[in-house]
Every structure is written in structure tokens, then in C-alpha cells.
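Undergrad: Using the sequences plus the hints, can you model the full thing?
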Amino acid sequence: MAGVVTEHVQGADKGYDEAVREAWRFLPGEKPLVVLYRLKKYFPVKGLIRVKGWVRAVDNVTLLIPEGKTLGLVGESGSGKTTIGRLVLRLIEPTSGSVFFMGRNIFKLRGRDLRWFRRNAQMVFQDPYGSLNPRMTVYDIINEALRTHKIDVGDPKEYIIKLLYEVGLNETHLYRYPHEFSGGQRQRIAIARVLALQPKFIVLDEPTSALDVSVQAQILNMLKDLQRRYNLTYLFISHDLGVVRYMSDYIAVMYVGKIVEIGPAEEVFEKPFHPYTKMLLASIPVPDPEYVKKKPPIRVVGEPPSPVNPPPGCRFHPRCPYASEKCKREEPSLVEVEHGHWVACWHPLN
Amino acid sequence: MAEEVYEKKVLDRISDALIDGLVSIIDKVKPGWRVKNRGRIEEWKLMLYALNRSPVGLLGTSLVVLFIILAIAGPFIAPVSYDTQIIFCDRDARLAPPRTTVQIPDNPFCRKLGLKPGNFTMLLGGDDYGRDLWSRVLYGARTSLVVAIIVMAVGPWIGVLLGLVAGYYGGKIDELLMRITDVFLVFPGLILAIAFSAVLPYRIQDVLSVHPLLADVMRVLFAIKPENEPQLASLLSVIVALWLVWWPFYARLVRGMVLSAKENTYVEAAKALGVPSWKIMFKHILPNIAGPIIVFYTMDFGGVILTEAGLSFLGLGAVPPLADWGRIIYDGSRYFPDAWWLVFFPGLFIFLTVLGFNLLGDALRDVLDPRMRRSIEFKIKKRVVVEEVSSGS
Numbered sequence: 001m002a003g004v005v006t007e008h009v010q011g012a013d014k015g016y017d018e019a020v021r022e023a024w025r026f027l028p029g030e031k032p033l034v035v036l037y038r039l040k041k042y043f044p045v046k047g048l049i050r051v052k053g054w055v056r057a058v059d060n061v062t063l064l065i066p067e068g069k070t071l072g073l074v075g076e077s078g079s080g081k082t083t084i085g086r087l088v089l090r091l092i093e094p095t096s097g098s099v100f101f102m103g104r105n106i107f108k109l110r111g112r113d114l115r116w117f118r119r120n121a122q123m124v125f126q127d128p129y130g131s132l133n134p135r136m137t138v139y140d141i142i143n144e145a146l147r148t149h150k151i152d153v154g155d156p157k158e159y160i161i162k163l164l165y166e167v168g169l170n171e172t173h174l175y176r177y178p179h180e181f182s183g184g185q186r187q188r189i190a191i192a193r194v195l196a197l198q199p200k201f202i203v204l205d206e207p208t209s210a211l212d213v214s215v216q217a218q219i220l221n222m223l224k225d226l227q228r229r230y231n232l233t234y235l236f237i238s239h240d241l242g243v244v245r246y247m248s249d250y251i252a253v254m255y256v257g258k259i260v261e262i263g264p265a266e267e268v269f270e271k272p273f274h275p276y277t278k279m280l281l282a283s284i285p286v287p288d289p290e291y292v293k294k295k296p297p298i299r300v301v302g303e304p305p306s307p308v309n310p311p312p313g314c315r316f317h318p319r320c321p322y323a324s325e326k327c328k329r330e331e332p333s334l335v336e337v338e339h340g341h342w343v344a345c346w347h348p349l350n
Numbered sequence: 001m002a003e004e005v006y007e008k009k010v011l012d013r014i015s016d017a018l019i020d021g022l023v024s025i026i027d028k029v030k031p032g033w034r035v036k037n038r039g040r041i042e043e044w045k046l047m048l049y050a051l052n053r054s055p056v057g058l059l060g061t062s063l064v065v066l067f068i069i070l071a072i073a074g075p076f077i078a079p080v081s082y083d084t085q086i087i088f089c090d091r092d093a094r095l096a097p098p099r100t101t102v103q104i105p106d107n108p109f110c111r112k113l114g115l116k117p118g119n120f121t122m123l124l125g126g127d128d129y130g131r132d133l134w135s136r137v138l139y140g141a142r143t144s145l146v147v148a149i150i151v152m153a154v155g156p157w158i159g160v161l162l163g164l165v166a167g168y169y170g171g172k173i174d175e176l177l178m179r180i181t182d183v184f185l186v187f188p189g190l191i192l193a194i195a196f197s198a199v200l201p202y203r204i205q206d207v208l209s210v211h212p213l214l215a216d217v218m219r220v221l222f223a224i225k226p227e228n229e230p231q232l233a234s235l236l237s238v239i240v241a242l243w244l245v246w247w248p249f250y251a252r253l254v255r256g257m258v259l260s261a262k263e264n265t266y267v268e269a270a271k272a273l274g275v276p277s278w279k280i281m282f283k284h285i286l287p288n289i290a291g292p293i294i295v296f297y298t299m300d301f302g303g304v305i306l307t308e309a310g311l312s313f314l315g316l317g318a319v320p321p322l323a324d325w326g327r328i329i330y331d332g333s334r335y336f337p338d339a340w341w342l343v344f345f346p347g348l349f350i351f352l353t354v355l356g357f358n359l360l361g362d363a364l365r366d367v368l369d370p371r372m373r374r375s376i377e378f379k380i381k382k383r384v385v386v387e388e389v390s391s392g393s
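Protein chains in written order, with the working numbering: chain A, 1 to 350; chain B, 1 to 393.
Read the hints as simulated data drawn from the structure, not as lab findings. No residue lacks a Cβ here, since even glycine has one placed at the ideal position from N, Cα and C. Where hints are given, some of them may not hold.
Said to hold, decoys possible - Residues of chain A clear of chain B, computed beta-carbon distances all greater than 12 Å:
{"hint": "1", "residue": "Glu67"}
{"hint": "2", "residue": "Asn221"}
{"hint": "3", "residue": "Val335"}
Claimed, not checked - According to the in silico footprint, chain A covers these stretches of chain B (three or more CB under 8 Å from chain A):
{"hint": "4", "segment": "35-41"}
{"hint": "5", "segment": "255-268"}
{"hint": "6", "segment": "272-278"}
{"hint": "7", "segment": "281-292"}
TA: Here it is as C-alpha cells:
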């Protein structure tokens, strides 16, 4: 088995075999590009003198991101999805656990290896108004990416114009400043900056949540198109379930730092097993007045608990209509309920 | 409508010409610069338009420009040198009131002093050595400007650098640097500067004797006669002393701004791209916090001039016979209030110069605010549209 796991990766770091074996259970048959293994990130809550407690933003997450596919990560605000996005790009260091990118433990990389990783793993941020330096022109913004990685593209200007066309802009935008663009155009610039490096893996952290609905669709279609052409791997983080469904091949649902359900996108949407997933789906607004009369089976109740002091047992039990005594005491772990569809719940639906 | 509609005034056209001239020079050195920085040039013009619309800014700019012209041209337009004792040719020159005319006899001695035979009007009067106050004030302007420029070219940047590093890295580095800054901040800057400038002259004398070229350059900058070169050391010691006390405030200011600026997503985006830390600090953070720094920096020119005058008033820095505003006031204070002009005129020059820098800094606060520029851009464009419409109908 070990030989099969690391077959496509040469010079894998220590612990990769183990990590892949554990993560592969969830998405069998896919080729792993990024593997998260027992990843934890606790943020200290500072009191006046000493640390009062820890925010368990990400708590023991094991996950596999398949090459050339899109993994959607959904959850309410504060569920730790953005923290995972920042961890897999090593923008923050984990409390414990590891992330492997093409077999290399990214938290151990240094110097040239780290630059290799930075070039291959990139991020598109949620806020297109903040993610571009207001004092740099589009040319400078994209050229900085090229210069940082000393990418030889011949004439940088020609290359950048080509990139701009790729994302639906043109050469007249070359020497303009970010404030001269709309939100959608800025997100296109941010995507062009990322594409300039020709990465393999892109974290999309709610890339369309700040945009108009009509612009959202354009950006999403463009991202899908780019993925097909360049065989990109996406980690798509969003709380907008409609968008996630459109974009993702697989979906992982997070609740207060833990993954509660994972499976192929259509299955999770059509047949959710976790009451929380069902609740999230019920919260999607449907533009149909008749629908309201039919009443969704589960209404959204309560708020997510504080990650500083998560409830014992299943973290969802205070909000769950099906909670039993067992849920209050014991924490469920992910179990395969159907082929390739895992859920962490004592009383799965259906 | 008249009160809120702007159009290009004469000053705006002069500003346009200034910027266009500057741009064409840069464009000659770096071909293609004009096209690449089209947006930046537009911003520069709007900044000047904003300045042109601020009476405070215009007053400040005029005072500062006047001071700089006086300081540069002063030693050339001064009637006599800073140490010419007219008293040797006419005893009336001693403590002469403003606009006193003295008679210069035609003899070789007076010629050697640089005095032409005949009437000589002492515009602002004379001091107890019979030196022309107007000439000394002009030389004093040069001293003030050179001290201010050299101090401001180094001191604040030490603070900016330390503030950037402390704010960006945080943690233990931040703690260490800020405690050092605190040590300097709790000690009154002037007292510290007095201590430094009392101790430093001997060391600086050594340095100057090892590097005669440095001494010569400084002598020319301060417009000092070769025989006064020994007095240079105490002047330079004030500069070094001010370097040492002028950074802590900037370290604090910049650190605070970096702490908020580094939370911007574009800083995180740069990190994700793998941009090295020093580049993030200087290319992404510093330009975006530059506004308040520039405002403070401008006002601080006045601060340095004031502090330097204060130090020389206390007998540190400029040594007789060198001309320095603070020193002139100190020497003249013995004869106050009878010879009031010895205190009044240098004081007036200090006042107007410091006021000028403060007003300019105050106006820059508005000029550097991008929202201000947008509103002016909007108003100018609106006017143009209105004109086009009216000419068409």
C-alpha cells in the first residue's frame, strides 16, 4: 500500500505515507496534490497577564485535495475555513500537524524549496479592494510576482498583456491604479497576478463574495475555464452554497474547527447526512415564493458556539433537533455512510 | 454655483508647467517613464491644485520658499561678511539702531574689511561689535537651513527604519526596540541634546582633522571663512546630537502605523507571493503610510530650526564669530531692551520660518488625503463639462 501511495511522488518527506493513507480514505481514487494531516491551529486568547484560553480555529483536520479538481470548503463564519486556507499556504504556522504539497511538508521548507512552494501554491483573496496595493499600477503588481520568482518570460510587458487578455482585460489597463477599476476587474487583476506564476494549486478564499451576482458568474466561469485549460487544483472556500455547488467536485463541511461531512458535491447536496449540512442547505434563499409555503424541513436556529469553549461531545448538539444524550457526551468521528460519503454524526439523516 | 465650482487658476497653470517640466526631465533620463506613470503625474498635479486652493498652504509655501532662497542666496547678497566689525571704521556702528547710516573712511584697513568708502546703511542695525545685523541674519539663515537639512536627512530615517522593523516583525524585536525608544523618550530631548553637544565637539574635531575634505565641504555648506574652520566642530556636534534625539518619536509613529497597515490584505498577498520581508516593508507598507510621515517630517524642519536656535542660545553649537539666529539673540540679550533689534529681528526670522513649515505641514495633511484630491478632480472636471455645454448651446 505504501508503495502505491507515494508512487507519483519522489523524495516525499517523512510522515507523507501515513498522512496520505489516512486522508485517502475520504477521497479514494483521486491523485493527492495537497494533504492536510491532523492539522491544528489554536489562537491564544490573551488576558491581562497570561493567556486565558485558546480559540480552536482548526481542530484535528485531515483532508486531501485532489489534483486537477476543486474541493469546496463550506461553513459559517468562524468555522475555521479561512484559517485552513491560510495554513495550507503557510501564511501562518500551525499549532501541530502538517500539510504536504506534492509530498513535501510545507512547514519544513526553507530557501529555494520554500520559493518553489510559493510559486506553485497561490491564493485569490476575498476582498478585491484590499488585496491590491493602491500605490502600484497593474503592470507593477503583476511584474512583482514575476520578479520575485525570477521567472524568465522574455518581454515582461508582452507576457503581462497576454495575461490581462486571459482574464478579460486588455493592454489599456496596463498602467492604471487599482482604484480605477471595479470590484470584478480588480479580482481579475488578482487572478492574473496569480496566473503569472503558473501555479498548480490555488486557494480561492471567497473570491466572489464581495462582487455583484452578475459579476460573480463571470468570474466563476473564468476560474472554471482556467482550471480546465491549465489543470489547476482549487481549494474553494465559501459560505455561499450555490456557488460552491457550481464550482466543486467534492465538498467538505466545517463546523467550529472540525470537518463534519465530506463527499462528492452532488451527493452532499442531494442527500446530506449531517443535520448541520441540511440546515446550511435549508438556509439557501430560493427565489420562489411558493417554496416558502412548503417550509424547509429544518430551520436555522441558534448561533455557532464559541470556539474558545466548544461544547462537549458533538459540537453541534446544542443546535441540533436530533440531539440525544450520547451526542452531549461523546464526540462522533467521520464514518463512511455511503461509498465516498463520510459524516461525523451519531444520528445521520436518511 | 460660484462658490463650489473650481476652474484652473493661474497658479494651477504654473503648477502644470512645473510638473510637466519635471516629468520631461525624468522622461529623458528614463525613456517611457511618462507613459508608465501617467496616473502618478495626474496625482501630482491634483496635489498642487489642492495646495493652490489652501490659503494656509500658500502662506506656508511662500514663507518656506522665501527662507530657502534667503538661506541659499544670503551669503552672496549680504552687504558684508558675518564677522566684519564696522566699528573699526566708524564707532557709531556699535549697537547702531536699524537704518543707521555710518561713514566708511577711505583707508586700506577698511578696504581689507570689505567695506567701500562712503555711506553704509545698516538696515537692521548693528551689534556690540559693530557687525551688520542684516548680514548676520542672512548668514544665520544658511546655518539654520544646513543644520535642518542634515539633521532631517538622517535622524527621522533612523526612527522610520526602527519603527518599520519593530512594527512588521513584532514580538521580541518590537519589545526590545520600543523599550530602547522609551528610554530616549522619557528623557527630555533638549536635555539629551545639550549633553551630547557638550561632549561631542572633541571627538568631532578629531574626525575633522583626519578628513580635511569633509571639513572643507562643511565649511562651504555653512558659508564659513577658512579661518573659522575650528569653530565647525561645535556646530557639527549639534547636528550629531540632534540625530541622536530626533528618531524616537518617528519610531513610535511609524510602528503604530505599520501595525495597522500590515493587516491589509495586499501585505498578506505579497507574503503569499513570496516577496521578501524588506521589500514588503519598503514597497508595500511604507508608501501606504507615507502621508502622515511627510506631514510630520515637514513640520519637523521648523522643530529642528527651533531646537538648534535654542541650543545655540544656551551657548552650544555655533560659537562666535559664527552667525546663528539663536546665538545672535543670546549675545544681544545683554543689551535688551535698549538694543531691542538684536533680539527682535532674529526672533522674527525664527518665528516666520517655523510658522512657514508648520503651516505647510498642516496644508499637506489635506493635500495628501486622496479624498481631497478626488473632490478637486471632480470639481475641475465638472467645470470643464459645464463650459463645454454652455459653449455648445
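Undergrad: Run every hint past the structure and note whether it holds.
TA: Verification of the hints:
| no. | hint | verdict |
| --- | --- | --- |
| 1 | Glu67 | holds, 20 Å |
| 2 | Asn221 | holds, 23 Å |
| 3 | Val335 | holds, 35 Å |
| 4 | 35-41 | holds (count 5) |
| 5 | 255-268 | holds (count 4) |
| 6 | 272-278 | holds (count 5) |
| 7 | 281-292 | holds (count 4) |
The structure agrees with every numbered hint stated previously.
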